[in-house]
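Got chain A sorted already, so can you dock chains B and C onto it with the hints?
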Amino acid sequence: MKRVFAKLLSGGALVLAPVLAQAAEVQVAVAANFTAPMQKIAAEFEKASGHRVLLSYGATGKFYAQIINGAPFEVFLAADDRTPARLESEGRIVPGSRFTYAIGKLVLWSAREGYVDPQGEILRRGGFRHVAIASPKTAPYGAAAIEALTRLGLLDAVQPKFVTGENISQTYQFIFTGNAELGFVALSQVMEEGRVTGGSAWLVPTDLYPEIRQDAVILSRGARNPVAVELVEFLKGEKARAIIRAYGYEF
Amino acid sequence: MLTEVDLAAIRLTLKLATVTTVILLIVGTPIAWWLARTRSKWKGVVGAVVALPLVLPPTVLGFYLLVAMGPNGPVGRFTESLGLGTLPFTFPGLVVASVFYSLPFVVQPVQNAFEAVGERMLEAAATLRAGPLDTFFSVVVPLARPGFVTAAVLGFAHTVGEFGVVLMIGGNIPEKTRVVSVQIYDHVEALEYAEAHLLSAGMLAFSFVVLLFLYTRKGVRAWK
Amino acid sequence: MEMNALSADGIRARCRVDWPGFTLDVDLDLPGRGVTALFGHSGSGKTTLLRCIAGLERGVGEVLFKGTVWQDSAHGAFLPTHKRPLGYVFQEASLFPHLSVRRNLEFGRKRVGGQHRVSLDHAVELLGIGHLLERMPGGLSGGERQRVGIARALATSPELLLMDEPLAALDLKRKAEILPYLERLHDELDIPVLYVSHSPDEVARLADHVVLMEEGRVVASGGLGETLARLDLPLAFAEDAGVVIEATVGEHDARYHLTRLDFAGGSVFVARRPEAPGSRLRCRVHARDVSLARERVEGTSITNLLPATVTEIADADTPAHVLVRLEAEGTALIARITRRSLDQLQIETGLRMWAQIKAVALLG
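If you're matching them up, the sequences are chains A, B and C in order.
Under numbering that gives the first Met the number 0, think of the first position of the first sequence as 0, with each following residue one higher.
Under numbering that gives the first Met the number 0, think of the first position of the second sequence as 0, with each following residue one higher.
Under numbering that gives the first Met the number 0, think of the first position of the third sequence as 0, with each following residue one higher.
The following block holds chain A by itself, in its conformation from the complex (with noise of 0.2 Å):
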């Protein structure tokens, strides 16, 4: 009987469900190269607290420009610090709540084996048709392949074979599907439980272009959701790392 009971009440909670579901949801948006990281994340949240995720991929900076206009989300995962500090000092987000969430690494990626060298030799050598990035003017990872080409004073010789994906997930389909021979995208995009799960990749050393420091903050939005807080908590756990670090992070 009292199981029946128990069972009725919980058929009334599904019933509420849409009606609390303001305090059992979190919107978030996740920068793109931080995909595949956060969807386990997400899913050991959501199986560790009941709540539910919602999670947006895209670019940092049309993320941004959806914020300022508006745009739904409590949780902002970001793929530079920049755009994180901006929203900060015009007062967007949750005093307080900024902290980098991972270090990325730039890798130089092909679909194929063999084609990158370990060297990143093949930059010098040439021989491809395209290169692709991701836009330099919106996408961090883009930012550092230009940089890191820069400094290897390699940028005018390989400019030219540029094709430029909106963000980072975009530059990684045009090297997957093998229509630009190689290109520079997230080490999280190519590697999975520590190493990288196919093709072949140059690992950029990190003194050839700046940190990639990705932060996450509150916004304003979610202020009021405790969710929101507790998801920033998870993220800074233990388990949540491990998952970070096995994509190739660092803190």
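Hints are computed from structural coordinates only; laboratory data are not their basis.
Derived EDC-like pairs: lysine to aspartate or glutamate, alpha-carbon spacing no greater than 20 Å straight-line:
| id | chain 1 | residue 1 | chain 2 | residue 2 |
| --- | --- | --- | --- | --- |
| 1 | B | 175 | B | 3 |
| 2 | C | 109 | B | 122 |
| 3 | C | 82 | B | 122 |
| 4 | C | 82 | B | 133 |
| 5 | A | 160 | B | 174 |
| 6 | A | 136 | B | 194 |
| 7 | A | 136 | B | 191 |
Just chains B and C now, with coordinates in the frame of chain A:
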């Protein structure tokens, strides 16, 4: 003011739309003729395929084109075997994509115009010694002219307004594949709202003028 | 053998078309000169036959024109319409709306190689459309359009003119406007014409030869006079059954404003005609306008009396009436009289009688 990069995007867009429209008229006319005349059971299938871009998200078309025209895709293999390389990230690639994307906007008005010409005009021409090709150019095309104008204008305008497909297969290369719509997107992404406004307002005005032209000339035929 | 002789300079059409609910099945030899009317109700297949001959419809069979094969299904031969030296006039004129009248006329003409047997001027003059040349078809009346359509077909100097009810879409006034032009065609041009019609009047005015069609089959085919005067044909049952007589203008009677028309077997007086003596006229005598007498009747207002011999008696469209076919020295007449009169007068074949003609319709 418009920057050199913006102007380059505008020039490229106009070039893309012009080339695409010319090819569409050449490719679309026989398809429209076949669709208007055939009693084949394949008519429905072909008509549906031609109309697909009307309902399909551009991303679907862009994705499949990217895969098909890539080095591992059937189209890519074909173009590579011809020594042409692969089409994505090139102007010809954009033209191919735009032709698919805008096909229904050209085929349907022309097909409707062909159907409106009617069997009797063709029969009359045949009894006046005009062979099929002769009839087509001396009777059908002049009678279907309003349909051709509509088709050309719609094909051109739709190609100018194309975004998703170009974004997926263009690679955003200045003067090669960076058209106005992509340029606007870039401006917005980079928070360059003033520049975005300028181009966007231009697109808005262009689209309005095109539609105004189509709607005000509707039903007007020189000889009626 | 005779059939072959005919087809050498005539038209041979053996056609079969199978559609759901309709079958055309004809085997015809038609004369290669004069006007041949394909006559019948709508749905009798006359238009379909015409379209087969034109190549607009592709039935199974053979079409030969003056010895040239236009279609021979057995050997897979089919000459497309645009290679057949024919002119075609549709029920609606079907002019090209984007071309002026002049350019419509020139359309077919400039596509015909070699010499033109009909000059453009002649076609224009014949149809009286000289003042319309620079107009667009959209601005023409129905009658004008049809005249342009006929001139357009003629301008190609066709060896065969096919006309599919060219008057059917017009009202009486327009019909009256065009008929004289058609008669001029008949008189002035030596082009064989196949003329589809369901109007007995048109047929009587224009045709030399009649093909009567019913439900996709040929019921009768023969000269106009003999075919119209046959009592066994559905033609005779029509309310306006009658015969056609080819007459010559005899003399004019100035005092009474009458004109005498002579023909084989007699003469009749009609209201004064403008034609000069010696002109040929075609006139129609309806069966309902002919009454019969055993003796020459005196004291009647009917002036036209002809001696004639009864050759056939048949049922009419109502049980009260019978049709009596008479022969007046080579001219056939039909009288529609009551069955009671038939019995009272004891009319039988071979009887010589007087036919009283109450009215003569002159066909131009």
